[in-house]
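Residue numbers (my numbering), protein chains in the order written: chain X, 190 to 459; chain H, 415 to 729.
Hints are not guaranteed to be accurate.
Stated by the list, open to error - Here are a few chain X residues that face chain H, going by a calculated C-beta distance under 8 angstroms:
no., residue
1, Pro259
2, Arg342
3, Gln345
4, Phe391
5, Met418
6, Asp419
Claimed, not checked - Far from chain X by the CB rule (all over 12 angstroms, computed), these chain H residues:
no., residue
7, Phe497
8, Met687
9, Thr693
As the list claims (entries may be wrong) - Part of the chain H face toward chain X, derived, beta carbon under 8 angstroms:
no., residue
10, Asp559
11, Pro562
12, Pro647
Hint data in this document are derived by calculation from the structure and do not stem from the laboratory. Idealized CB from N, CA, C, for every residue including glycine.
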Amino acid sequence: MTELHFDTGRVLLLICFGLVPVAGIILGLLAPSLRRQIPLIVGFVAGIVPILSLYIPKRFLSAAGEGMSPRLDQYLIIVAGFALPLGIVNVIQINSRRVGRGEKGWPFALALLIGLLLMGGFGVYGAFSGQGIGFLPSGAPTPFQWMTDWFFRPLQATIFSLLAFFMASAAFRAFRARNVEATILLIAAVLVMAGRVPLLDFLAYPFPPLHPLAASLSQTMGRLTEWIMDVPNSAAQAGIIIGAALGAAAMAIRVILGIERSYLGLGKGD
Amino acid sequence: MSIVDRLLAIDRRWIFLFVLMAVTIPILLPLGLPVTTTGSTRAAFEYIESLKPGDIVWLSFDYGPSSAPENDPMAEGFLRHCFKKDLRVVVCALYPLGGLSLANSSVAIVAKEFPNKKYGTDYVNLGYKDGAEAVMRRLGENIADAFPTDVHGTPISELPLFEPETVPVERRTIDRVQVKAPGSEVRMGIRTIGQFKVVFTAATGLIGEYWITLVNAQFGTPIIIGPTAVSAPKYYAFINSGQLKGMLGGMKGAAEYEQLLGRKYPELSKFYMETRLFTGTKGMDAQAGIHAVIVLFIFLGNVAFLLARGRERKG
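With the rest of the complex left out, here is chain H:
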């Protein structure tokens, strides 16, 4: 049996072994490879940077444990950014398989890093609700209809974050009962998703798309998405159409966001260098390793394939 034939008929367990080494070695011995930033992540970061302290943002955990290594670093990076900017954050989970538990864990981790942030005033966790599309439509009418209580069972009307305050009307409010013109002032609490400066959805599957097609299209709220790398190609079309403010595509997007956070906030750069938590930047070494293995095997497979085809044509 020639080398070409052996290569074409290679036992897949050899490939598995190389994959295992490519993933485990960089995790055990981090290489610290450079991460370059892309336009979609920079756009997301700059949009959050443009917000003013006290602005209110929505963070939705729309993924499960299967994609947590990709989505967790994005959601936590976004939450750190919001807390650094003194933005108020409302958290929810719309993914049935473990979305709430991931939200609880990530919020607990980041809240511990910012002891000055007070639950109920600076951030709120509304918990999980089934039926993502219907929930989003209700959020456009009245948040309390979709989430009457927070994750602890406290009615949201009792949470300081939702208490009425006087706010300027920045865009025409989509409210069929009372239309307010831009420039006027109105005394109101946080009532609908239309009042939020942005929705960040860390998403797997279709829920991310629902935020764009339902919430952005119908209520005008800007959306930033953090999809898994598998889903990311779809969302480039939404970025180009202006329906997305930005995107953190897969673990690379999370790592890019961490780099941008580190550059803007030196204390976060120190944090990301020293933390024992899993971060997107740490994951990139392993991802580079596995991509190298796949590209190498594709190259070898094609060389062997072309040599075998040449041999067949000759013979």
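Chain X with its partners taken away, still in its complex shape:
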């Protein structure tokens, strides 16, 4: 006779994320005020379980593969996967409407849709044909990889490389010694820019007798840059990271306790 195995973690998750939401939908139809309460309960459970699993060593909470917390992690991957089709549907809806109505910039919307359908189509074809979306065993690229190599990569690289031009122009106009603070920032920025690359070697390149001096000064500047990055920068970054982490923790607590409800489309007073 097979032994009956009662999986507490699975049952609790089924109740919290299966029965409670279904009950909530039904009750919400009858009593509109419950539409706000049930999602808050589900959010509370989803938030509190991973925290409890770290402190309470119970099998149903934290055991690998069967505890509530590891299962929630698995759910998270699935939910994250669903976010992609949601985005695709949204892009298709907005851009097909723009093309259909002939709104301003509709050719760009059309180009976007063609790109989406082509890349997506080749991806889906790769999945169903078993080819995948990388390289074939012969070393030849699949259609998806070919599109990536010859369209997607150059286009992305082109857009990003434009930054170099705009950054140079912005640096010329923005980095001015207007006051003490701006001057300190300016000096630090120039030192780091100069110290991160063999700048003096570059400037001395046409003058060979200056090469040894340039190399020596470059190394000194490099050490100074490292000190700036290692000490003042690191100290400031640590402060920012700790501050951001505390802020994130506070926000998480607010969400878990139902104080912050904007993720439900509700304000404080709702």
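Chain H: place on chain X using the hints.
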């Protein structure tokens, strides 16, 4: 209009022209400028050097084509280093916009250079998975839950690299079901990220930070990061706190790693001198050029600004 006024009101297209020349000329006519190494890159290199043949490492492609010129040379340099050291490598991609394609390309390029390395035994490509944070948490419990198959659709349990073997327990295994003390032996396959000697993440954006705050903090796996130059300042704090073993900061970090590889392995030095592939070392000439242009324009802009301000105060 005086020279000062002209300089202050310079048409930005002149700046664009100088930038274009500073980038293209060194790429077309490489200067071969020297690259000095920094402590964070040396620490990363030395950590990999300290590993034994057969040790297993994780390489994550957490960037897209926009930062590929910075990140590609790091990831490929790291992969070459691992293959030279006979380390076993598991590759994945967690960046949605092209991370997988970049992983496929880089792995194919480097694997071709090492024909003795066998897919499935010496290296494995697990492909892309969405939801980086959740994936990392799953990797700490069971890799097969996050990546049931490799990029070709083969179940990872069928890959020789993941087959069980007897291994000594080096640190207390974070497994809530079975705790093993250091010094004992256990027969097990590669099951969790905690068994990896190091994770190298070539990263743009936040994914690199997740490896530190989730995988290093919770499962104890050492992390080496290869961020873009823009993100690099943030990670100095993690190096100083001991949460990072090392860092290859931007293209400079990649070039430094190539220099260190070349010094240690003469055949790789020859390779980096002769290859037609884009490398960090080649990119440094162009980067030096553009930094020179920016510093020059900042200098000129400030001279003109101070002269104009002096003139205003007098007048």
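Results for each hint:
1. Given hint, X:Pro259 at the interface with chain H, holds; its Cβ is 5 angstroms from that chain's nearest Cβ, closer than 8 angstroms.
2. Checking X:Arg342 against chain H by beta carbon gives a least distance of about 4 angstroms; that is within 8 angstroms, so the hint holds.
3. Checking X:Gln345 against chain H: minimum C-beta separation of about 4 angstroms stays under 8 angstroms; hint holds.
4. Residue-level restraint check for X:Phe391 holds (minimum Cβ-Cβ distance to chain H is 4 angstroms; threshold 8 angstroms).
5. About 5 angstroms separates the beta-carbon of X:Met418 from the nearest beta-carbon of chain H, less than 8 angstroms, and the hint is met.
6. Proximity of X:Asp419 to chain H holds as hinted, the smallest CB-CB distance being about 6 angstroms (cut-off 8 angstroms).
7. Every Cβ of chain X is farther than 12 angstroms from the Cβ of H:Phe497; the closest lies at roughly 18 angstroms, confirming the non-interface assignment.
8. Annotated as non-interface, H:Met687 keeps its C-beta farther than 12 angstroms from every C-beta of chain X; the closest such distance is 17 angstroms.
9. No beta-carbon of chain X comes within 12 angstroms of the beta-carbon of H:Thr693; the shortest separation is about 15 angstroms.
10. Restraint check, H:Asp559 versus chain X: the minimum CB separation of about 6 angstroms is within 8 angstroms; hint holds.
11. Taken as an interface hint, H:Pro562 does not check out: its beta carbon lies about 11 angstroms from the nearest beta carbon of chain X, beyond 8 angstroms.
12. With 8 angstroms as the threshold, the beta carbon of H:Pro647 comes within range of chain X, its nearest partner Cβ sitting at about 5 angstroms, so the hint holds.
In summary, the structure is inconsistent with hint 11 from the numbered list given earlier, while agreeing with all the others.
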